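Protein chains: 2
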Amino acid sequence: MDKFELIKRNVQEIIGEEDLKKFLKENKKLTVYWGTAPTGKPHVGYFLPMLKIADLLNAGFKVKILLADLHASLDNTPWDILDKRYKYYSEVIPLMVKSIGADIKNLEFVRGRDFQLKSDYFFDLLKLSTLVSVRASTKAASEVIKNIEGEKAKLSGLIYPLMQVLDEEYLKVDCQLGGTDQRKIMVLAREFLPKIGYKQRIEILNPLIPGLIGKKMSASDEKSKVDLLDSEKEIQNKIKNAEMIAGNPDNGVMAFLKYVIMTIKKDKKEKFIVKRPEKFGGDLEYKNYEDIEKDFINKKLHPLDLKNAVAKEIFNLLKEIQKKKSKLQKIAKEAYQ
Amino acid sequence: MDKFELIKRNVQEIIGEEDLKKFLKENKKLTVYWGTAPTGKPHVGYFLPMLKIADLLNAGFKVKILLADLHASLDNTPWDILDKRYKYYSEVIPLMVKSIGADIKNLEFVRGRDFQLKSDYFFDLLKLSTLVSVRASTKAASEVIKNIEGEKAKLSGLIYPLMQVLDEEYLKVDCQLGGTDQRKIMVLAREFLPKIGYKQRIEILNPLIPGLIGKKMSASDEKSKVDLLDSEKEIQNKIKNAEMIAGNPDNGVMAFLKYVIMTIKKDKKEKFIVKRPEKFGGDLEYKNYEDIEKDFINKKLHPLDLKNAVAKEIFNLLKEIQKKKSKLQKIAKEAYQ
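Going line by line, the protein sequences match chains A and B.
Every letter in the first sequence is one number past the one before it in my numbering, and letter 125, counting from 1, is 125.
Every letter in the second sequence is one number past the one before it in my numbering, and letter 203, counting from 1, is 1203.
Please keep in mind that the hints were generated in silico from the structure rather than gathered at the bench.
Hints are not guaranteed to be accurate.
As the list claims (entries may be wrong) - Below, computed lysine-lysine pairings styled on DSS-like, alpha-carbon distance capped at 30 Å:
1. K152/A / K1087/B
2. K265/A / K333/A
3. K324/A / K233/A
4. K1184/B / K146/A
5. K1152/B / K184/A
6. K1118/B / K118/A
7. K139/A / K1139/B
Owing to the predicted nature of the structure, the values given are computational and were not obtained by experimental measurement.
Please take these sequences and the hints and turn them into a complete structure.
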C-alpha cells in the first residue's frame, strides 16, 4: 500500500487532500495530532483513532497525542476530578497504542495545560475571540459540547473550539486527526488560523462508529459501548444484546468489525474465524470485511455466530490492557464515581 | 467631612456599603482600582472618576488605575492600533490626575497585559467560563460592549466581563470604582468570585454624566463632548451649542458643573463666577451648585451666561493638559486616524 492509500484507508474525509499529496511527493516530514479530552471513560471505539495513528506512524508521520485536560473541563468535567480523569486517560491510551502493536518511536504524548496556559497562547486566544462570532463558535462546538445552547449554556463551550483551533499551531503540527464530529471545529481552524498569521492545516476525519444500541458510542451510556475493563462475560453480554438485524449490516458491531478488527487482521494477515458447530455448517473463515458483509446480507452468516466471534476478538484486543486491570480499576473508581 | 462622606459624595451607589463602613471603622488600609480601556479619546467626562480617585486618595486609599489595553481590543479596538491608544491614555490620564491636584503618593498605574496574560489568570478565566452562562455574560457586557448581540457579536465581548471580574482579584484590591454602566459586571464579580474561592469586593458606582447633546458622552460623537485637546474657541462653541432649556437643569453642561466644577470649587473654597454686564444685573457668584440650580430654575440665570462661565472653567481645567498639547496631538493623530 502506498503512503497516501495508507493514510486514507478507513478515513471519511481529508480536508486539504491536495496539500497532503504535495507534501508526500516532496517527502516532507509531517506531524499530526489527535486530541482526546479526558471526559467519559474511553471505550473500544477509541481503537479506531488508534489504528489511524498506527497508519500515520507507518506512513512516516510524527504523531502527537494530546490529552486535552483543560478541554475536558470546558466540556462539563468538574475541575476537582479533572486530574483523576487525566490520570486514567494517561494510563489507558498508551496501553491502547501498545495493544495494536504500533511502533511508537515517533509518538509523543502532550498534556493540554502544559502549553495552553502560556501567555502567547492566551494572547492568541483573545485575538481569535475578536474575530470569531458567538454564533460561529456555537456552531463549531455543536457536535462536541454538551449543552451548547439554551439558557444554561456556559461560556466555556464557546472557548473550547477556539483553543482547539490554536492547538494546531501550538503543537506545531501539519495535520489534525479527529472524528467527523470535530469537522466544524476543523473548518473553523482553516478559516481563522490564517487571519491571525498562521498556516492552514490538513484535517483527517475518521468516521464515527455507531454504538452497540444504535446511537453514537457514548461514554455516559454503559450499554452502548464495551468498556476497556469489561470482563469477557460482560463483553459477551453487551455484544449479545447489541442491535443487529439479520441481513442488515448497518449496526455498531459490524462497523467495529470493519474498521477495527478486520483492519488489524488484514495487517497481520490473519483470518477472522466464526466458530460454528458442524451441524450448522462448521467454522467460517474470512480474509476481509467485504466477504463477511456479503455472507451476512445473504443470511449465510447468523447474527449470533457473528456476535460470538466479534466478542472473542474484542476480548483478545483488550488483553494487553487487562493485564493492568486492577490498577486501572482503582484509578477509574476515583475518576468515575 | 468624614471619610465615609468623602467616599460617598457624588457617588450613585455603593454595593457592599456595610463592609466599607466596617473596614473604615477598623482603620483597614483599603485599595481600590478604576479601570479604563483605551478605546475612544478621553474627554472631560473623565474628570468625574478623576475627582472620585482624588477623594479616595484623600480618604487614605491606595488607588490603582488600570489601563486595560486588552479589554480595549476585546471591545472592538483594532489590535494594530491598540498600542497607540494605550500610549495616548498613558499620557493623558496622569495629566488629568495632575490637573486636579491630587496627592499621588498612593496612586499606581497598571497596564492590563502586564498581569492578565499570566497562567494563573488564564486558568481562572477558564474556571469562570465553566460557571458563567453565555446569557449572563452577554447581559453583564450589554452596557459596555458595542455589538454584544446579533449575528456579528464576537466572542471577545463575552470574555471581556470575565476578565474584569478577575481583575478585582489579580489587582489585589478591596474595591472597584466605575460608572453605573459597569454595574452588571460588578454584580457578576460579586456573584462569581466567591465561587472560585475569592472574596467579594466593594463596588463604588459613579453616575454617568449626560453628553452635551443629550446622549451619553460618547467618544465617537465629537459634538457630544469636550475633548481634552480642544482649543478655547472649540470649547466655547461646543458648550454654546450644547442642549440647555432655560429653567430645566437636566442637561450635560449642568451635570458637569455639578459633579466636576463645583466639586473642585468647593474643595478649593473658591467661588463660581458668572460674568454679566452691569445692565443685566452684573456678575453672579456661587459657593455651591444648589444655588446655581435654584437661580437657573427660577430663570434668574440665563443659559448663555451660564454656558460662558462653564466654558471658561473647562478651559482652566484643561490648562495643565494643554501645556503638552502638541505632543499629545501627535500621539492622538496616530491613535485616532
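Given the hint that K324/A pairs with K233/A, test it: the Cα-Cα distance must not exceed 30 Å. holds (18 Å)
Given the hint that K152/A pairs with K1087/B, does the C-alpha gap stay at or below 30 Å? Violated: K152/A and K1087/B sit about 40 Å apart, past 30 Å.
Restraint status (C-alpha distance of K265/A to K333/A at most 30 Å): Violated, at roughly 33 Å.
Does the alpha-carbon distance linking K1118/B and K118/A stay inside the 30 Å limit? holds (7 Å)
Compare the distance between the alpha carbons of K1152/B and K184/A with 30 Å, and conclude whether the hinted pair is satisfied. holds (18 Å)
Mind checking the alpha carbons of K1184/B and K146/A for me, to see if they're no more than 30 Å apart? holds (27 Å)
Has the given pair, K139/A with K1139/B, been kept, meaning a C-alpha gap of at most 30 Å? Holds, at roughly 21 Å.
Checked against the numbered hints above, the structure violates hints 1, 2; every other hint is satisfied.
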